[in-house]
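> Listed below are the residues making up each chain.
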Amino acid sequence: MINLRDKGAEFWERSNRPVRVLTVFAIMAVVAALPYAGNTFLQTPVAAFDAVLVYPMGMFILMALGLNVVVGKSGMLDLGYVAFFAVGAYTMAILGTRTGLNTWEIMPIGIAAAMFAGVLLAIPTLRLRGDYLAIVTLGFGEIVRVSALNTEAIGGALGIAGVPFPPGLGFEYQLLDQKYFYWTILVMILLVIWVIRRLTVRRPGRAWESIRQDEDAAELMGVSTYKYKIWAFVFGAAIGGGAGVFYASRSMVIAPDNFTLNTSILILACVVFGGMGNIWGVIVGATILGYLPDRFRFLSDARLLLFGLVLVVFMNLRPEGILPRKKREKAIVKKGSGASL
Amino acid sequence: MRLELKDLHVHYGKIEAIKGISVVVNQGEIVTLIGANGAGKTTTLKTISGLRKVSSGQILFDGQDISTVPAHERVDLGISQAPEGRGIFPGMTVLENLEMGKFNRKDRKSEMDEDLDKVYTLFPRLKERASQAGGTLSGGEQQMLAIGRALMARPKVLLLDEPSMGLAPQMIANIFRIITEINKTGVTILLVEQNAQQALQRAHRAYILETGNVVKEAKASDLLNDPAVREAYLGTGAH
Ligand SMILES: Nc1ncnc2c1ncn2[C@@H]1O[C@H](COP(=O)(O)OP(=O)(O)OP(=O)(O)O)[C@@H](O)[C@H]1O
Ligand SMILES: [Mg+2]
Chain A
1 MINLRDKGAE FWERSNRPVR VLTVFAIMAV VAALPYAGNT FLQTPVAAFD
51 AVLVYPMGMF ILMALGLNVV VGKSGMLDLG YVAFFAVGAY TMAILGTRTG
101 LNTWEIMPIG IAAAMFAGVL LAIPTLRLRG DYLAIVTLGF GEIVRVSALN
151 TEAIGGALGI AGVPFPPGLG FEYQLLDQKY FYWTILVMIL LVIWVIRRLT
201 VRRPGRAWES IRQDEDAAEL MGVSTYKYKI WAFVFGAAIG GGAGVFYASR
251 SMVIAPDNFT LNTSILILAC VVFGGMGNIW GVIVGATILG YLPDRFRFLS
301 DARLLLFGLV LVVFMNLRPE GILPRKKREK AIVKKGSGAS L
Chain B
1 MRLELKDLHV HYGKIEAIKG ISVVVNQGEI VTLIGANGAG KTTTLKTISG
51 LRKVSSGQIL FDGQDISTVP AHERVDLGIS QAPEGRGIFP GMTVLENLEM
101 GKFNRKDRKS EMDEDLDKVY TLFPRLKERA SQAGGTLSGG EQQMLAIGRA
151 LMARPKVLLL DEPSMGLAPQ MIANIFRIIT EINKTGVTIL LVEQNAQQAL
201 QRAHRAYILE TGNVVKEAKA SDLLNDPAVR EAYLGTGAH
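Which chain is which? The protein sequence lines are A and B, in order.
Take the first sequence: its letter number 160 is residue 160 in the numbering used here, and every next letter is one higher.
Take the second sequence: its letter number 208 is residue 208 in the numbering used here, and every next letter is one higher.
Please keep in mind that the hints were generated in silico from the structure rather than gathered at the bench.
Heads up, a few of these hints could be off.
Selected chain B positions facing chain A (in silico; Cβ < 10 Å) [claimed, not checked]:
| hint | residue |
| --- | --- |
| 1 | Lys53 |
| 2 | Gln64 |
| 3 | Pro70 |
| 4 | Met92 |
| 5 | Gly101 |
| 6 | Gly134 |
| 7 | Arg149 |
Calculated pairs, DSSO-like style, for lysine-lysine (alpha carbon to alpha carbon, straight line, at most 30 Å) [claimed, not checked]:
| hint | chain 1 | residue 1 | chain 2 | residue 2 |
| --- | --- | --- | --- | --- |
| 8 | B | Lys19 | B | Lys109 |
| 9 | B | Lys14 | B | Lys184 |
| 10 | B | Lys156 | B | Lys118 |
| 11 | B | Lys19 | B | Lys118 |
| 12 | B | Lys19 | A | Lys326 |
| 13 | B | Lys184 | B | Lys219 |
| 14 | B | Lys6 | B | Lys118 |
| 15 | B | Lys14 | A | Lys227 |
| 16 | B | Lys127 | B | Lys109 |
| 17 | B | Lys109 | A | Lys227 |
| 18 | B | Lys53 | A | Lys227 |
| 19 | B | Lys184 | A | Lys227 |
| 20 | B | Lys14 | B | Lys156 |
| 21 | B | Lys184 | B | Lys109 |
| 22 | B | Lys219 | B | Lys14 |
| 23 | B | Lys127 | B | Lys53 |
| 24 | B | Lys53 | B | Lys6 |
| 25 | B | Lys19 | B | Lys6 |
| 26 | B | Lys219 | B | Lys156 |
| 27 | A | Lys326 | B | Lys109 |
| 28 | B | Lys127 | A | Lys7 |
Please read these numbers as outputs of a predicted model, since none were measured by experiment.
Backbone N, C-alpha and C fix where the C-beta goes; we use that ideal spot for every residue, glycine too.
Pulled out of the complex, with its shape left as it was, chain A reads as follows:
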């Protein structure tokens, strides 16, 4: 099968600056125009297409980018990522309904709350590796959901209703026409991509990469693995929290049911399906996995079967994901293998 990642990279390498700028603008224009494509073959039969663009698609991309820092870049399996999304969403819902603060003012608070939750989870668990870490994070995700479920003060099973929309910025956010929500989330996604790319080429990126490839060796190089693992977790949590704030503010109603283990698994699937470690792959993965279930909603129950089938078939055809990380990184070192020059 053709390697899309290498084709893309090759095109990028070959192009000069004007071509690159033009490419970026063309892609941005197409992406930004998507809310107007609702009447084409892209149309989703039940939910409105512009709403699907916001949730699940946009949200999934945002969360998958955050989770990718933890799983794809640093190599820590986190099965409770939805917890940070929930913390952000509940922060928005509680403060939005009980104080005069608006969405943009709550955003930093929600992000900070999610980061705090990230630290709380990271400090006791990050000494664990692999499967053990996965189990503990899974438990954490469930604890957050069950706590919300059993706390009447934040609505219990009913959750919180009447969460206010974000205040308009010269335009009004609307329920029936969600293009402004969509454009806002696009900006958030671009911002996250920019930050991740900056971090990746700097010390944190190198540190995460080395930890993923060989944690002991990283420590021997002087990388404070514990510190950088916490940072990866907290950074991922911040993105999940930010997505949660926006989600609550758009959905108006949130309930514990929105934050089940299913969501964590689905976001992880986006990361793996798209190509762990490669942000473009992760975006493609989240786009497809966010879109498909809504596109095939007319199949009702069979759609999940189809969804599963697509996953299985694709992961067999492309075990590294649709757009895998750099090819050279696939090389596996044979420890202590007999060898000469």
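Start from chain A and add chain B with the ligands according to the hints.
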């Protein structure tokens, strides 16, 4: 530089892997630690570099007990390890691997070029392969990379865990020659080896480790001629 292990004990769970050893490494020396499989050689090195915790006893580095200093800070003190099985980053290029060796000194650009030059002079092969992925190097090249990467941190003492493992005879001689060369530039070396013959020829002093205990300490040349040692570790004892 002076490295001293004082009555060092190390456990894996309940199992005591190191049972109270005392070892001294002086400035400028090559000291070798030899012993059979499972004797505790790797454990000793990992404890010095900080990957394993000390149960009791001391690790003195220039007189200071560093046994509670985290591993990533010991690099800055001047202790570098080329781990057993090489432990290079398979997905990073040779150059990126070498740069990782300077993770905490990365801001010093001139130092980077200078040290890359030094490593490339020792291992010209690495220069040719600078942009090749570490994981696709041959075993010998990976060993060079592991040693080169450890040197990037400008160590005072270099810990080498079986650098000859899995190498062809000709390559083994080459690696040992380079180890001597590194030592001549002023880097003290603690060398763990199965290849006792080569290690004893290159080292100044040696310790023999048996199931977590030091059973012998002597000048390397004396051990080379010790019939009991030849019998047990060199496989050429008088029959
Ligand atoms: N992670 C671990 N958990 C439990 N026991 C361990 C662990 N690592 C090593 N051991 C045990 O500690 C003892 C010393 O092991 P070590 O790796 O230090 O030996 P070594 O001298 O380096 O051997 P080799 O020459 O085979 O590399 C062995 O009995 C080994 O089984
Ligand atoms: Mg060993």
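> Where does the structure disagree with the numbered hints, that is, which hint numbers, in rising order?
Violated hints (numbers, rising): 1, 2, 8, 9, 11, 12, 14, 19, 20, 22 and 23; every other hint is consistent with the structure.
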